[in-house]
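Protein chains: 2
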Amino acid sequence: MKMHNFNSGPSILPQEVLNQAAEAVLNFNNIGLSLLEIGHRTSWFQDVLDESRSLIKELMQLGEEHEALYLHGGATTQFMQVPMNLLDDGETAAYCDNGIWGSKAIKEAKLFGNVNVVASSKDKNHTYINKGFEIPATSKYLHYTTNNTVEGTQWHALPETNVPLVADMSSDIFSRNMPFAKHSLIYAGAQKNMGAAGVTLVVVKKDVLGKIKRAIPPIMDYRIHIENGSLLNTPPVFAVYVSLLTLRWIKKEGGLAEMEKRAKERAEYLYNALDSLPLFVPTVNKEDRSFMNAVFVMQRPELEQPFLDECKKNGMVGVKGHRSVGGLRVSMYNAMPMDSVKAFVELMTEFNNKNL
Amino acid sequence: MKMHNFNSGPSILPQEVLNQAAEAVLNFNNIGLSLLEIGHRTSWFQDVLDESRSLIKELMQLGEEHEALYLHGGATTQFMQVPMNLLDDGETAAYCDNGIWGSKAIKEAKLFGNVNVVASSKDKNHTYINKGFEIPATSKYLHYTTNNTVEGTQWHALPETNVPLVADMSSDIFSRNMPFAKHSLIYAGAQKNMGAAGVTLVVVKKDVLGKIKRAIPPIMDYRIHIENGSLLNTPPVFAVYVSLLTLRWIKKEGGLAEMEKRAKERAEYLYNALDSLPLFVPTVNKEDRSFMNAVFVMQRPELEQPFLDECKKNGMVGVKGHRSVGGLRVSMYNAMPMDSVKAFVELMTEFNNKNL
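From first to last, the protein sequence lines are chains A and B. Read in full-length UniProt numbering, the first sequence has 243 at position 243, and its numbers run on one by one without any break. Read in full-length UniProt numbering, the second sequence has 269 at position 269, and its numbers run on one by one without any break.
Isolated chain A, as found in the complex:
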């Protein structure tokens, strides 16, 4: 049976990327060795790193002033690493609290300086994105989460401010065009549109670094990673390579404009169904809906499990909501074929008509 993979992360990847990754585990570029068995300082791997970091900058339309780094530790490490590098004791950073990940970032930043929560959607269970809030011009930076994987909201316009922008783009990076160059720092854990779990992308504008007094451990210091070209220590070689394969696929398919077009088509198709089927109730403010993760509940909660059972029977995985919010969630990342969305809508429609 063909599986329909709605996992929120780790999540669906293009089949050709999986085929190429499997091949590289057996015989990398036909050199007679596995990708897992070659030194990270060989020209073989240097080529992977170079091509990959150059593709990132090309797709994001970034110039010389931005550096792309592959680091360890996931976005959760960035919750600590960002303030460790950018926020001195006594200084204040502005943070937006629009969901579980933003809240975690806030908690960690407080270990390094003052945090001013300039926007929060907590009053309505994070079902919307704040607009028109004040950001003091003295803020060291503004931190926000472009897409809230768990709550199903997404920023469809940049926060308006002149302070340096820092964005956690883990769950919608490379899914749309954005004014990337306007950001001082962008980070993303790589388990959605960017490849396999185990590597983190950090894009940083060099002029934002070196402005604090704290001593930073080398492995946490962005400047040292820049100096070492993402090779301070052994990188997560396989995850970096899968990221390269995924970036190549994105470019070949038409780049971020095409990814955005597909994401909108999938999301519109799904949200239209959610809006028209009485049994399924989307929970998020219409204009803030995520194109990546659609979150909804059943009008009659007792039907949730029977519906999930139907999904399972039809080879649809990953439809359960995050353990912290419950309900249902369908994730539709770059590699998600429209056919899977159509199959899911068909199942919802059938279930709706049978149980209404």
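Think of the hints as simulated: they come from the structure by calculation, not from any bench. Please read these numbers as outputs of a predicted model, since none were measured by experiment. Among the hints, erroneous ones may be present.
Identical chains share a label here; the pair holds if one copy fits it or two copies do between them.
List of simulated lysine to aspartate or glutamate pairs, EDC-like, C-alpha gap at most 16 Å [unchecked claim]:
#	residue 1	residue 2
1	Lys-342	Glu-268
2	Lys-261	Asp-221
3	Lys-107	Asp-221
4	Lys-104	Asp-221
5	Lys-2	Glu-227
6	Lys-124	Glu-350
7	Lys-354	Glu-310
8	Lys-264	Glu-227
Chain A is fixed; fit chain B onto it per the hints.
Structure of chain B alone, referenced to chain A:
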């Protein structure tokens, strides 16, 4: 041509591990999805984690008081994380300086407390392991590197002390039986005997934690990783799985006793040749020689490049010494077949006889 892989890391892995890893990238356990596409909180991945952590404890003969964690960031992150968790401001830890990695660990520890270098082999270019040195009983812990990948030395007996032992075992873990339970903390980056790069093993005795006043960022706090069963954030799923495959292979082949037997056989065969061929000169104190990484130079340095060219012609990769020390190095990790060592010795002998 069959390749002989003497890479120091990332390095040779068993062929059946590579085959199984490639298969999992296409179709994990025959579930119809790739290992890269499944959630880390599914029972599928939980089973991987559980089996893997239990195998680690079984192979290392550890009881309830030790926890095995899979973390991000490589051993280099542990250089920071160990003192961050164990060493308070004003306290002193004892460190052994026996090579490049130990020196780096020392440098990072100084950011968190005082470092007392109780042993150093720097006077002789790290070509030996110190013995019979003093370790003050007031030291918070003693840190040492069991195998020096770059310099080719290895501790063949434990340092004698009653203070808590902390060991970086990155390059010889799972290659021999050791009194693992006597250690309070063991860490190892996983690019040698433990699987694919991108995951770090930390084995920690719980009673050593929670004894400092510093606030530790959650992603760096061993206690929080223990509470979360290595699932605080998305783990490097693929690297964890390759580690499981490698551990299964070690157990099936006969466990650490068998790995040790094979390592000794390989090392003896190689060092015997090095001791008898005048053109090749081992640089390390005989009794401290590493069973994993044999370091040597050419009696006539101008022959180094011609010899490396011969290696290349014969499909032997990874023979060049580390960029920081030069010379030659042959790494012989668990998966290295005796045939590769024999082929290398044959080539050395031929080269010796032709150029003497």
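To see whether the hints hold, each was checked on the structure:
1. Lys-342 x Glu-268: Classified as within: same-chain Cα gap 11 Å, cross-chain 64 Å, threshold 16 Å.
2. Lys-261 x Asp-221: Neither: 37 Å inside a chain and 42 Å across chains, both beyond 16 Å.
3. Lys-107 x Asp-221: Result: close only across copies, 14 Å inter versus 20 Å intra.
4. Lys-104 x Asp-221: between (21 Å within a copy, 15 Å between copies)
5. Lys-2 x Glu-227: neither (46 Å within a copy, 37 Å between copies)
6. Lys-124 x Glu-350: neither (31 Å within a copy, 78 Å between copies)
7. Lys-354 x Glu-310: Within. Shortest intra-copy distance 12 Å satisfies the 16 Å Cα cut-off; inter-copy 74 Å does not.
8. Lys-264 x Glu-227: Answer is neither: 39 Å inside a copy and 40 Å across each miss the 16 Å cutoff.
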